[in-house]
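Chains as they are written, first to last, in my numbering: chain A, 4 to 125; chain B, -15 to 395.
If you are wondering where the hints come from, they were derived from the structure by calculation, not from laboratory data.
Please note that a few of the clues may not be correct.
[To be verified] With a cut-off of at most 30 Å between alpha-carbon atoms, the simulated DSS-like pairs for lysine-lysine come out as follows: (1) Lys35(A) with Lys364(B); (2) Lys35(A) with Lys277(B); (3) Lys277(B) with Lys85(A); (4) Lys340(B) with Lys5(A).
Here is what each chain is made of, one letter per residue.
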Amino acid sequence: MKDFALVFRNEAGSEAKIAPETFAALQAEWQKWVGGIAAQGKLTSPGSRLGLDGRSIKPGNIVANGPYAEVKDTLRGFHVVKADSIEEAIEIAKGCPILTVGGSVEVRDIIPVETRYPIPQS
Amino acid sequence: MQEKELIPQLYRSEFRKITAVLCRLFGIEHISIAEDIVGDTFLLAAETWGFKGIPQNPAAWLYTVAKNKAKDFLKRNAIYNEKVSPAIQLASENTNEVEVDLSSNNIKDSQLQMMFAICYPGIPPESQIGLSLRILCGFSIDEIADAFLTNKETINKRLYRAKEKLKEDKVKIEMPPDAEIDKRIDNVLITLYLLFNEGYYSSSKNAVLSKDLCLEAMRLTYMLAENTSTNKPDVNALLSLMCFHASRFDARIAPDGELILYDDQDISLWNNELITNGEHFLNMAARGNVVSKYHIEAAIAYWHTADKDSPEKWEKVLSLYNRLLIIEYSPIAALNRTYALAKVYGNEAGIAEAEKLKLENSNLYHGLLGELYTGVDNKKAIDHLTTASKLTKAAADRKVILKKIEKLKAG
Chain A
4 MKDFALVFRN EAGSEAKIAP ETFAALQAEW QKWVGGIAAQ GKLTSPGSRL
54 GLDGRSIKPG NIVANGPYAE VKDTLRGFHV VKADSIEEAI EIAKGCPILT
104 VGGSVEVRDI IPVETRYPIP QS
Chain B
-15 MQEKELIPQL YRSEFRKITA VLCRLFGIEH ISIAEDIVGD TFLLAAETWG
35 FKGIPQNPAA WLYTVAKNKA KDFLKRNAIY NEKVSPAIQL ASENTNEVEV
85 DLSSNNIKDS QLQMMFAICY PGIPPESQIG LSLRILCGFS IDEIADAFLT
135 NKETINKRLY RAKEKLKEDK VKIEMPPDAE IDKRIDNVLI TLYLLFNEGY
185 YSSSKNAVLS KDLCLEAMRL TYMLAENTST NKPDVNALLS LMCFHASRFD
235 ARIAPDGELI LYDDQDISLW NNELITNGEH FLNMAARGNV VSKYHIEAAI
285 AYWHTADKDS PEKWEKVLSL YNRLLIIEYS PIAALNRTYA LAKVYGNEAG
335 IAEAEKLKLE NSNLYHGLLG ELYTGVDNKK AIDHLTTASK LTKAAADRKV
385 ILKKIEKLKA G
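So here's chain A without its partners, still in its complex pose (with noise of 0.2 Å):
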């Protein structure tokens, strides 16, 4: 088994043009969704939700409004699964629930962290 990050992005603020009550089913359905994963044991972190307050730094120190509003792809959160392989994990993405209006998740392995710190040897 080996960790993959379920990374979301959708466009911001597209919550306000969801009617309350279609959010709110989306809120429950993702609350399904994950514990569906939870239940296989498969959930090593919920990770996080993103909000929309936001700053970008860039080089010499430039700080730029959050990058949303006009971008599609804003970045609105993740989660930790454990699968098999990447093709189990984009099995499991693809019952996210930010399909359904129009949001987008990326499945990226996770490097384990004893390969990020290698003990030197000598």
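Keeping the supplied structure of chain A fixed, place chain B upon it in accordance with the hints.
Below, chain B alone, put in the same frame as chain A:
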């Protein structure tokens, strides 16, 4: 009252009080001596009372004898000056006479401190439960062996090893400082939760004993809720959960000891007082901004005390199980979630989710699939139930499953 009934009763109520006070006085290295002294006290009571009749205040008699025996031990003990806790040395320097304080306040304090000492992550959970039953609940070794479905020797060995480890690690009998309580109480709550479950889902045939384990777990949790420094939201949440579960005690066990499933229970046997208490503690648990797994489990248990079946109920329960699983995976929660999901979305959806769980070695997994396949594909239902009956260890559970199989074959 005859001394034959009185002594076991006093043993259950007083053994733990005196033992906790003596343990605290002697220090963690002398738990066994504290137990022996209190044991001897009861032995002497049995002998003396048989002769001379029961004293006017039997508990006070026990306290006096135990106090004297404790003082004798401290005086006689050659290693007294080196090894006995500094607190006693300090006290004895001043008065040359140790005070054995058996006031109700000191008893409570000592029991709470012992609770923190025993629920020590350095010893295995089953040892923490065993020691709790012995020291905090005053159970006999026979009763503990019965509860764990094992023999006296195993329990004696287990408790001996646990006490040695506490001694080795120099575990202190004291209240953790306020700043550490939140962290330390976690482990105490886990042990109390397991103690309760040991009773509630007991595979022991002794129904009275099983219920006693639950009541003891509730009593100890209540002690934490009563004390200001330990009255935390998750303590109240756990207590609430226990009350809700316990409210079904009388409805879930038939007179012949057989388990009655939730759907078949007589609601009029549910204990409303415990349900009300559960609601009270759930409200208390809501003060603060922590949502622990006990909060979620208590909320699930709350819904189980409401109407047996309503769409709203199962939607709430499903959502709570989703949240519980996101906090912490457990096979039981995964199976229960799937049951709730089937109640909301139908058996076919439930089967699809259940088969993803891949818990082939669990009797409960096959039990669930047997349940879900009933009415959808009865042949598969029988297959799963048969596997479940083979994997089940508890005789009462097996009976329930075999009954279901019979019913399916007949229908």
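Status of each hint after checking the structure:
In summary, the hint linking Lys35(A) to Lys364(B) is supported, as the alpha carbons are separated by about 26 Å, within the 30 Å threshold. Between Lys35(A) and Lys277(B) the CA atoms are separated by roughly 18 Å; this keeps the pair inside 30 Å, and the hint holds. Among the hinted pairs, Lys277(B) with Lys85(A) is consistent with the structure: their alpha-carbon atoms are about 22 Å apart, no more than 30 Å. In summary, the hint linking Lys340(B) to Lys5(A) is supported, as the alpha carbons are separated by about 18 Å, within the 30 Å threshold.
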